[in-house]
Amino acid sequence: MPDTHLIEDGSNSMAIEALHWPNDDLSRIPDWIYTSEDILVRERERIFLGKCWNFVALEAELPDVGCFKRSYVGDVPVIVTRTGDNAFNVFENRCAHRGVEFCRELRGKVNEFICPYHHWTYDVTGELIAVPFRRGDKGKGGMPKEFDLGEHNPRQFRVSCRHGVIFATLSDDTEPLEEYLGPETLEQFDVVFSGRELKVLGYYRNRLNGNWKLYHENLKDPYHATLLHVYLATFRLMVAGQKSAMICDEVGRHATAASAKDDAIEIGDDLVDEMKGAYRVGMDLNDEDFTRYVPEFDSPWTVTMSTIWPNLIVQRELNTLGIRHIVPRGPHALDMYWTMFGYVGDSEEMTKHRMKQGNLMGPSGYLGVDDNEAIKFLQDGFRNSMPGEGVVKLDPDKEGGTDTLISEASIRSLYRHYREVMDI
Amino acid sequence: MPDTHLIEDGSNSMAIEALHWPNDDLSRIPDWIYTSEDILVRERERIFLGKCWNFVALEAELPDVGCFKRSYVGDVPVIVTRTGDNAFNVFENRCAHRGVEFCRELRGKVNEFICPYHHWTYDVTGELIAVPFRRGDKGKGGMPKEFDLGEHNPRQFRVSCRHGVIFATLSDDTEPLEEYLGPETLEQFDVVFSGRELKVLGYYRNRLNGNWKLYHENLKDPYHATLLHVYLATFRLMVAGQKSAMICDEVGRHATAASAKDDAIEIGDDLVDEMKGAYRVGMDLNDEDFTRYVPEFDSPWTVTMSTIWPNLIVQRELNTLGIRHIVPRGPHALDMYWTMFGYVGDSEEMTKHRMKQGNLMGPSGYLGVDDNEAIKFLQDGFRNSMPGEGVVKLDPDKEGGTDTLISEASIRSLYRHYREVMDI
Amino acid sequence: MPDTHLIEDGSNSMAIEALHWPNDDLSRIPDWIYTSEDILVRERERIFLGKCWNFVALEAELPDVGCFKRSYVGDVPVIVTRTGDNAFNVFENRCAHRGVEFCRELRGKVNEFICPYHHWTYDVTGELIAVPFRRGDKGKGGMPKEFDLGEHNPRQFRVSCRHGVIFATLSDDTEPLEEYLGPETLEQFDVVFSGRELKVLGYYRNRLNGNWKLYHENLKDPYHATLLHVYLATFRLMVAGQKSAMICDEVGRHATAASAKDDAIEIGDDLVDEMKGAYRVGMDLNDEDFTRYVPEFDSPWTVTMSTIWPNLIVQRELNTLGIRHIVPRGPHALDMYWTMFGYVGDSEEMTKHRMKQGNLMGPSGYLGVDDNEAIKFLQDGFRNSMPGEGVVKLDPDKEGGTDTLISEASIRSLYRHYREVMDI
Amino acid sequence: MTKERGRPPVEKFSEDERRALRFKIEEFNTEYSATLDDQDIHRWPSFFTNDAFYRVTAKENFDQGLPVGLVWLEGRAMFLDRVAAIENTMVFAPRYLRHYVTNVDVLGFNDAQEICAKANYLIVETLMEDSTKIFQAGIYQDIFVYDESGCLKLKFRDCIYDSLLIPNDMVFPV
Amino acid sequence: MTKERGRPPVEKFSEDERRALRFKIEEFNTEYSATLDDQDIHRWPSFFTNDAFYRVTAKENFDQGLPVGLVWLEGRAMFLDRVAAIENTMVFAPRYLRHYVTNVDVLGFNDAQEICAKANYLIVETLMEDSTKIFQAGIYQDIFVYDESGCLKLKFRDCIYDSLLIPNDMVFPV
Amino acid sequence: MTKERGRPPVEKFSEDERRALRFKIEEFNTEYSATLDDQDIHRWPSFFTNDAFYRVTAKENFDQGLPVGLVWLEGRAMFLDRVAAIENTMVFAPRYLRHYVTNVDVLGFNDAQEICAKANYLIVETLMEDSTKIFQAGIYQDIFVYDESGCLKLKFRDCIYDSLLIPNDMVFPV
Ligand code: FES
Ligand code: FES
Ligand code: FES
Ligand SMILES: [Fe+3]
Ligand SMILES: [Fe+3]
Ligand SMILES: [Fe+3]
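Chains as they are written, first to last, in the numbering used here: chain R, 44 to 467; chain C, 44 to 467; chain W, 44 to 467; chain D, 254 to 427; chain S, 254 to 427; chain Z, 254 to 427.
With the rest of the complex left out, here is chain R:
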């Protein structure tokens, strides 16, 4: 169907050929990037399976050779295995025979993978090593003589690890991981992943009712932090005017939202007014220890949230640490897999402190709930209301990093990059 008086961006049909970005203007974002199936198909090909490094696992999840984890690149199921002291493999969770998604356990340890349907067998690197009755039985049946095991392997991904974090890419052309991250993101990454050995403390999983890109935007959007999160201002974890920055790479796809807690900060009446109710006067924590930052990082920031395109968030919120792994589930949902961790050698007290501060984030976090709800409310808007667009005009002269919370520069730089890659 062509455009009409109400629909002016081609979204009547939702087919990618018909969609067009409003006025080619980066400060306007059309709903259809969040709702079209065709867009998601192209994102899979050009982003997740394109020239990107995707998070797949932490090395600490795979302590021994033969340990595996069922994981995802975009929404494509993969298996991550440890195949040596410092060797990891990532390959598609799909049998080369008929297509079975054969690995069904979340994690485990094996000598080999046997596809249940016909017991085609793969070693831990993902290579096909046995086809039962390949030569037939009693001279009958079996594979053609020229059948070559080597030609029937699940698709392999290239792997790159840095300080305990495992990434995968399908493309031969993806630049080296460090280059891909860029020096700005790498610096922040290396604060958390400095080479200290990680200790996994547990997992959360939730299905958010929003398009996967909304999660990136949320963390590239410092503007919402002190407004949506009443908790942050009320308990003086973060307030406008406090030291903070949005640190971007040159390409504009990654970002780190950084802030430094300032217990001396004062919240004037003007600010309270400006914040339209986002600060509740006169509240104090009963457990004051809760927001205490135990210094442990070589960084001026007490909080950094890094979005690493396209599927990783690194959370350093005071002393609660974790990664979040994004798995798109259709245009309207994403699964978030959280891995919370500390470091080997943490005292019991420190682990407890991390657990306590874990209440801030996650599917039931004081801040986490706010974001999950906001993302759902956004997607509800896109799905239910008349096709429209969003406005991202804050901090208009910038693109990418910025040192004010009142900015959408980093969202715009993301979409400049996105439009190039997606050719839309």
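If you are wondering where the hints come from, they were derived from the structure by calculation, not from laboratory data.
Among the hints, a few may not be true.
Stated by the list, open to error - Here are the simulated DMTMM-like pairs of lysine to aspartate or glutamate, each with C-alpha atoms no more than 25 Å apart in a straight line:
{"#": "1", "chain 1": "D", "residue 1": "Lys-371", "chain 2": "Z", "residue 2": "Asp-291"}
{"#": "2", "chain 1": "S", "residue 1": "Lys-406", "chain 2": "W", "residue 2": "Asp-330"}
{"#": "3", "chain 1": "Z", "residue 1": "Lys-406", "chain 2": "D", "residue 2": "Glu-268"}
{"#": "4", "chain 1": "D", "residue 1": "Lys-371", "chain 2": "D", "residue 2": "Asp-290"}
{"#": "5", "chain 1": "D", "residue 1": "Lys-312", "chain 2": "Z", "residue 2": "Asp-291"}
{"#": "6", "chain 1": "D", "residue 1": "Lys-386", "chain 2": "Z", "residue 2": "Asp-290"}
{"#": "7", "chain 1": "Z", "residue 1": "Lys-371", "chain 2": "Z", "residue 2": "Glu-401"}
{"#": "8", "chain 1": "C", "residue 1": "Lys-183", "chain 2": "R", "residue 2": "Asp-312"}
{"#": "9", "chain 1": "R", "residue 1": "Lys-183", "chain 2": "W", "residue 2": "Asp-440"}
{"#": "10", "chain 1": "C", "residue 1": "Lys-436", "chain 2": "C", "residue 2": "Asp-68"}
{"#": "11", "chain 1": "Z", "residue 1": "Lys-371", "chain 2": "Z", "residue 2": "Glu-268"}
{"#": "12", "chain 1": "W", "residue 1": "Lys-304", "chain 2": "W", "residue 2": "Glu-331"}
{"#": "13", "chain 1": "Z", "residue 1": "Lys-408", "chain 2": "R", "residue 2": "Glu-391"}
{"#": "14", "chain 1": "D", "residue 1": "Lys-277", "chain 2": "D", "residue 2": "Asp-304"}
Since the structure of chain R is provided, determine the placement of chains C, W, D, S and Z with the ligands on it from the hints.
Chains C, W, D, S and Z with the ligands in isolation, oriented as in the chain R frame:
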């Protein structure tokens, strides 16, 4: 896919360009108007958001200035607010910033609406009145200088009220409400909504498993009344031959099914025979008071059910009164929101009588269940069986209103209008 | 969207026009035949409603004239009725008036069918015999004079029965049932359905999370039998090298997987090795009677599983007998309706033996679970991983029947036929 | 109007009384549920006193004190008429329903020395061709009395459901 | 055949007997459920007598008196063989199951002085990558006896499910 | 760390003790559930001792002995802070939740003479514009003690959920 030997109406593809009405014949209705996504998209634009007055609320639901109700025009979420003694506003429930469906409570009372994500703030008329940190913070960030709050408002609907009932339209060209209703429908409307102050008695909600148009047809279809509803004949609330009428407007989109209870009616053996089991001989109510009509209206009819295109039903069934608000939920479902009411000044006994007779209608009503099931059975037919069409030939020489129950004239007039508007 | 570097079979769009079979090679099966909606629509028309005999009921389910069963041809709802001693009718479960799927009970006995909406009435043959108030009421309304009941019947299917099994076809051109089955399949069919009167022992139903064709393939795939089903080898019900055959018709659409239990079989170390874990050494049944075959058939085989295209499986597994009726539910699921039976005159002990062996098959069967899981894992592969294809190269020089378990010849013959009919 | 009838408990029970009563009320609810699960609908009125009040209403109505009910019955005659409608006149597809009644709470006597209690209920529904789905989650707010033969009867049952959006319709009482 | 075995109660219990028995049976069902929720499947046969009969069948079969079961076991050997199959030969994806057993009803003695009881069960299933879904709603129809050490054992359990359309398959008994 | 706290029962109860305790614990769970169902969140900490530990965590964490919780609280102050956040700072759409607590099992004393118990819970959620859905299925692993006035209080509650994939988020404790 082109037509085939089984599919001859273009419904192989379900894309609107390929669909064609069978033989251009109004007495045949193709399945695809009930099953195609494309049709629903066009209905949204040309009907609900087109030149129609949509029901959104009763004034009685919004007693004070600042009261609001979360409502829908078609399936588009809107907010209805009372902004003055006789002033109401209807605007899209979508934040002008990024698109959040920000109002989440079913109803309430506020001074202003604050979008949770970044606290953009709207007054009760739906006007954007504050953007936090619009000028930035400490000289950094904020909106471009030329940013004009006035250009960032949720879409406003025009509002028209009549005797306590609030309607909205998005189009500037919709004729005045009274003209839109037409004198026939207006007359029936004014019987229930005579200006007496309404008292809300409560709400029902149900999700029907059928296309939204089936609900209109059901009430424009007097033929089913004494057949499907065994209750009606058995307890002599309505029988063929009894005084009844289908009263239509000139355009053919609205209709009122009217009947007058006749306690003296006799049901002959011929009739019993003709009705194929729709009359159960020899049953009587234990509670005879139940079907008693307490006269309270200036009307020859004891029952009127008005369908007001496109999303309102006005129920006057003896003394149980209510409106039903249709919200399409995809091609295969509709949500029905019921508001049951009486009048301010009703005696306690009268309220009780209304409650008692409430058992007739609604999601568990003696008549309500029948219709909900029939509509589901119809949609099941459209979804599951081979693509086909329905036949609406009864009362062949008429279109629109009629004074016999054995007629489908009013369904045909609806689809004449519908085809014009939809251009199909 | 056109093909891309990752997608090379047109499945970017999933529209049938764009899909192409990889290299025209029968030993490669593209994912899209299991996932495309367009394919399913065409399958409905060309296969289920095309020149095929579809299973709809057993005569034993309909003991008396007037007995009916709600059934399906493909996913199209039909009613099967007994209309005489040896007469059965099959007609669409869709009212000729507006389209209501009017029969809602799984089975029952009636004199006539009355559509609940307006009481149009059909006799047990499916003929419209009454339209209430056809002539109007008191001279008003009613049908046009020329209205002919005979022109408003649900679609009738042609019916053919053999030895207690009822089949239906919509096409006038389908060859006679016996010819359709072909002599090979007929022979196996007649072992179970020899004319002995059947006694229904009960029903199972399950919804499998896989495309309907996967069920056919599963039973045309002898290769999986001794590998997936650890139970079979472990308890020596079936092992490679044992007497077995895949018996196909000439067209290649039907097949019977046959095997003869051999209690003397030995499982050498070589075989254990080849089977990659599919044999658990040293296990024995506690209840040895469980796998005992009580001779009752004139056949060299103790087990035959016949797939009768397109929607029937005949199970003869030792002494547990049943049919399985396939109903596609979208591309990603199928409903399986099982009818378990014995013969009139079975001793109580024999019935009990059948019940006991019933644990082998069905939604909770020792073998049944394996297959249901494998089919789900396959469909998961098709849905979740990158678009790809399966490989069916075993027993490369054959097509159709074969006498080795290590063969996929019968799957290839099915798809040769399928591609012809589907024109893909 | 309803508020009056559902008079709140004013006098708490001792632990022994609660133990004895909870056992009886659980037995009552089990039999009540089984009657409905079996669709033995003509037995249903016998769980109520002759003058009983029964209502099924959404939590949004209850919370606002609004009187409507999907089902709103007062007095035996109205109960019988609903049963007659279900058995004879209402048209509906076959279905299975199953009740799970948990969290029975014996609250105390109200000022008429009647027993106030409540319980959470969950009802799941199965249509013949579909999977089992949640039909309704809610709470019973009850007043029990003893009949002449010492059996518990409901004088008042308000079924207040969370499940605002009824799936299609509600054929049977809950 | 099943009908014979599931002999109906002929003698009602007193309230005291019901109270005592319901407590015991609830404890039994709780432990039984926990065993299955923990997938401690090899313990499962120990809840039954040596000659016990166990069946899982659809309500449509039960209502028509048809004998089949998805699971149909008679005697300890068959129970052990099913456990062995689940533990050793059956292939299936990992899953969590959870039982909710409510509405326990102690019906009375049958003519063999065995205890007849029933209960509603609801089982929800969670696959590793998906949300929790209703797996099966149904009713247990039970006959209990005491073993030599005075513990309740099931001599007969008929699990009659409403959920006609089993979601994919049923790996564990219910 | 959690493992230590959740010390396992070492001493079994007699049947009489179990009967008495199960009644009390069921009453406790009923009131606890009602408090949460009513979203009367500020009452919630009163069900716990001052030094109580409360956690909500996925079965996958529990099974691997991993310490994280979606909610992880130790000591009254942390309980109060969570209540304050829910009441004052957290932003979320309105919703109804309903608890069904069944299969209460009274396990015995642990080595500190505290009462160990468990129960299955099922929570269903209703958003204002949608149907009722399963929110969470899980098991409570509890340690109860008596407070000075003889009332049961939770010293330890581990809520271990099967429903690995939380639907959007979890606003209230369970
Ligand atoms: S599908 Fe994996 S071995 Fe056949
Ligand atoms: S989306 Fe509403 S304020 Fe930003
Ligand atoms: S739809 Fe069947 S009688 Fe009208
Ligand atoms: Fe945030
Ligand atoms: Fe009607
Ligand atoms: Fe098999």
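Checked hints:
1. For the hint linking Lys-371 (chain D) to Asp-291 (chain Z), the alpha-carbon distance of about 13 Å falls within 25 Å, and the restraint holds.
2. Taken as a hint, the Lys-406 (chain S) and Asp-330 (chain W) pair is honoured in the structure, with Cα atoms around 21 Å apart against an allowance of 25 Å.
3. Of the supplied pair hints, the one linking Lys-406 (chain Z) and Glu-268 (chain D) holds, its CA atoms being roughly 17 Å apart against a limit of 25 Å.
4. Only pairs whose Cα atoms come within 25 Å are accepted, and Lys-371 (chain D) paired with Asp-290 (chain D) is accepted, the gap being roughly 20 Å.
5. As the CA atoms of Lys-312 (chain D) and Asp-291 (chain Z) are separated by approximately 11 Å, the hinted pair is consistent with the 25 Å bound.
6. Restraint check for Lys-386 (chain D) and Asp-290 (chain Z): the C-alpha separation of about 21 Å stays at or below 25 Å, so the hint holds.
7. The straight-line distance between the Cα atoms of Lys-371 (chain Z) and Glu-401 (chain Z) is roughly 23 Å, inside the 25 Å bound, and the hint therefore holds.
8. A C-alpha spacing of about 20 Å is found between Lys-183 (chain C) and Asp-312 (chain R), which places the hinted pair at or below 25 Å, so the restraint holds.
9. For the proposed pair Lys-183 (chain R) and Asp-440 (chain W), the alpha carbon gap of about 11 Å is at most 25 Å, so the pair holds.
10. Taking the CA atoms of Lys-436 (chain C) and Asp-68 (chain C), the gap is near 10 Å; set against the 25 Å cutoff, the hint holds.
11. For the hint pairing Lys-371 (chain Z) with Glu-268 (chain Z), the CA-to-CA distance comes to about 16 Å; that is within 25 Å, so the pair holds.
12. About 14 Å separates the Cα atoms of Lys-304 (chain W) and Glu-331 (chain W), which keeps this hinted pair within 25 Å; it holds.
13. For the hint linking Lys-408 (chain Z) to Glu-391 (chain R), the alpha-carbon distance of about 21 Å falls within 25 Å, and the restraint holds.
14. For the suggested pair Lys-277 (chain D) and Asp-304 (chain D), the alpha carbons sit about 21 Å apart, so the restraint of at most 25 Å is met.
In the structure shown, no violation is registered for any of the earlier numbered hints.
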